[in-house]
Amino acid sequence: MIKSIFSDKKKKTRNKLISVFLTVFVVGLLVLSGPARAINVSVAVDDSDAKYSANQLITFTASVDIESNEIIPVQNLTLKVYNDSSQVASCTFDLAGNKLTACTNFPNITKINAKGYVNATGQFGYGYGYNSGNWNVSNQSFFNFTGYGYGYGYTSGYGSNNAELKYNVTWNASAENLSTSAPTGDDYYANLEAYADDSSGSYRIYSNKTRTSFIYDNYLPNITAINTSQTGTTTKIVSLSVTTSENATCGYSTSAGYVYSNMTTNMSTTGTTSHSQSFSYTSDTTKTYYVSCQDTAGNAMTTSNSTPATIDVTESSSPGSSGGGSGIIPFWIMTYVDDDKNLDEKGLINRELKAKERIKLEINNETHYVGIIELTNTTATINVSSEPQQAIFSIGDTKKFEVTGDDYYDLSVTLNSINTTSNKADITIKPVSGEIVIPEEAGEEDIVEGDGEEGDKSNWWWITLIIILALVAIYFIAIKLKPKK
Numbered sequence: 001m002i003k004s005i006f007s008d009k010k011k012k013t014r015n016k017l018i019s020v021f022l023t024v025f026v027v028g029l030l031v032l033s034g035p036a037r038a039i040n041v042s043v044a045v046d047d048s049d050a051k052y053s054a055n056q057l058i059t060f061t062a063s064v065d066i067e068s069n070e071i072i073p074v075q076n077l078t079l080k081v082y083n084d085s086s087q088v089a090s091c092t093f094d095l096a097g098n099k100l101t102a103c104t105n106f107p108n109i110t111k112i113n114a115k116g117y118v119n120a121t122g123q124f125g126y127g128y129g130y131n132s133g134n135w136n137v138s139n140q141s142f143f144n145f146t147g148y149g150y151g152y153g154y155t156s157g158y159g160s161n162n163a164e165l166k167y168n169v170t171w172n173a174s175a176e177n178l179s180t181s182a183p184t185g186d187d188y189y190a191n192l193e194a195y196a197d198d199s200s201g202s203y204r205i206y207s208n209k210t211r212t213s214f215i216y217d218n219y220l221p222n223i224t225a226i227n228t229s230q231t232g233t234t235t236k237i238v239s240l241s242v243t244t245s246e247n248a249t250c251g252y253s254t255s256a257g258y259v260y261s262n263m264t265t266n267m268s269t270t271g272t273t274s275h276s277q278s279f280s281y282t283s284d285t286t287k288t289y290y291v292s293c294q295d296t297a298g299n300a301m302t303t304s305n306s307t308p309a310t311i312d313v314t315e316s317s318s319p320g321s322s323g324g325g326s327g328i329i330p331f332w333i334m335t336y337v338d339d340d341k342n343l344d345e346k347g348l349i350n351r352e353l354k355a356k357e358r359i360k361l362e363i364n365n366e367t368h369y370v371g372i373i374e375l376t377n378t379t380a381t382i383n384v385s386s387e388p389q390q391a392i393f394s395i396g397d398t399k400k401f402e403v404t405g406d407d408y409y410d411l412s413v414t415l416n417s418i419n420t421t422s423n424k425a426d427i428t429i430k431p432v433s434g435e436i437v438i439p440e441e442a443g444e445e446d447i448v449e450g451d452g453e454e455g456d457k458s459n460w461w462w463i464t465l466i467i468i469l470a471l472v473a474i475y476f477i478a479i480k481l482k483p484k485k
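Position 264 of the sequence shown, counted from 1, bears residue number 264 in the numbering used here, the numbering being contiguous throughout.
There is no bait here: all hints are sound.
Straight-line alpha carbon distances no greater than 20 angstroms define the calculated EDC-like cross-link-like pairs of lysine to aspartate or glutamate that follow: (1) Lys400 x Glu435; (2) Lys236 x Asp284; (3) Lys111 x Asp46; (4) Lys287 x Asp340; (5) Lys360 x Asp284; (6) Lys166 x Asp47; (7) Lys346 x Asp426; (8) Lys99 x Glu176; (9) Lys430 x Glu352; (10) Lys341 x Glu402; (11) Lys356 x Glu374; (12) Lys399 x Asp344; (13) Lys341 x Asp284; (14) Lys430 x Asp397; (15) Lys360 x Asp426; (16) Lys51 x Asp84; (17) Lys51 x Asp187; (18) Lys356 x Glu387; (19) Lys424 x Glu352; (20) Lys346 x Glu366; (21) Lys166 x Asp46; (22) Lys400 x Glu362; (23) Lys80 x Asp46; (24) Lys80 x Asp94; (25) Lys430 x Glu402; (26) Lys80 x Asp187; (27) Lys430 x Asp407; (28) Lys51 x Asp217; (29) Lys236 x Glu357; (30) Lys430 x Glu362; (31) Lys430 x Asp344; (32) Lys360 x Asp338; (33) Lys424 x Asp338; (34) Lys400 x Asp426; (35) Lys400 x Asp344.
Quick caveat, the hints were computed from the structure, so don't treat them as lab data.
Make a model of the complete structure from these sequences and hints.
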């Protein structure tokens with residue numbers, strides 16, 4: 001009997017444990033599965049690659065799919081567009097596709113479908129959607145509806161193709177004041193919100209849980225590097241090299257004020273991120289190359305990058321001499337060209353030069369050079385040619401030079417300073433005038449020769465006078481020293 005009682009208690013305890021376990025299991029399944037979804041809000045773009053070029057219109061497909069037999073009182077829809085987490089555009093429209101806000105730069109809203117959206121009175125249901133702020137799952141119930149405009153889902157299937165509400169919304173992104181610099185985070189994305197209101201103070205905003213990303217490439221290409229290099233002696237080949245931040249086509253010009261839209265010549269190698277162009281010169285000149293690019297999406301730079309080049313074709317093996325040929329190593333490693341005007345028209349030329357660098361200038365329509373032969377911390381040896389003239393300058397020195405053969409000074413050179421860090425001398429060249437005056441040496445007519453005899457007589461007079469004075473002095477001393485009687 002006692003054994004039977006204990007056996008019954010064990011059975012009851014086991015049954016309770018099984019019941020609790022089953023209850024917890026069922027509740028867990030319900031919690032994990034959640035309530036049936038009553039509404040699905042989604043937005044998609046019309047390009048399969050979700051990539052758009054500048055000036056290309058973007059069409060979004062906005063859909064609201066309501067589960068069968070659910071009553072969701074959707075009143076209007078709002079499409080929002082973001083760039084790098086910042087909202088850049090939005091448009092709110094009613095179920096007929098009429099704009100309720102300004103919808104700036106949203107030229108077209110076309111209603112594709114409003115199937116199954118009927119009046120309802122005294123109906124109720126619940127909406128299972130996503131919070132518009134952070135796309136988290138949330139519930140909302142509506143009770144005792146009155147009025148009209150409530151959505152009653154009855155279409156077959158599920159998803160945007162069978163949605164009760166479906167619209168095409170066109171956005172003119174190029175009309176927005178969008179940044180032309182690549183974003184630091186995500187690219188662009190769109191979000192659709194469905195506003196439901198039962199007209200009695202109870203409302204809910206549904207939103208697509210997964211945001212719809214797309215690329216709108218209005219980012220201008222950047223030139224990250226531009227430089228030149230030179231080869232050759234009697235014929236100089238200048239190679240212009242450019243690197244861009246993305247694949248692009250680059251044009252060039254040797255005149256300022258040009259950008260890609262009005263440049264007429266593209267670089268010979270272009271289309272990727274590396275671009276190049278070669279130029280050939282047979283005479284000394286100076287050039288500035290201007291480059292501007294357009295990427296594959298049609299975004300063209302509105303500025304240009306530039307780099308200068310000084311081309312020194314004919315060089316000599318020693319300072320000041322002319323000529324030169326193949327196999328001769330030139331003395332001058334750099335020539336700065338300032339011969340666009342005569343020196344007296346330019347007024348002055350000021351440059352910093354290293355050793356073996358020179359300036360090409362023009363005096364009376366003739367070419368001349370001023371260059372640094374050698375440089376120390378305190379002095380500079382400066383060469384002026386065509387006919388070589390050299391002088392050692394200390395800081396602050398100014399020296400004049402004549403180079404045209406007319407015995408009149410033509411230019412002055414001043415050593416302003418020496419930068420020992422960059423090993424450069426700051427010099428100023430100015431036009432001067434004035435006749436060269438050579439100091440005359442003393443001639444024979446300027447030398448007065450005296451008579452030798454007269455000179456001897458003059459000397460005897462002085463000797464006689466000195467002897468007399470000496471005798472007088474001795475006499476007085478003797479009297480002074482004579483003992484008194």
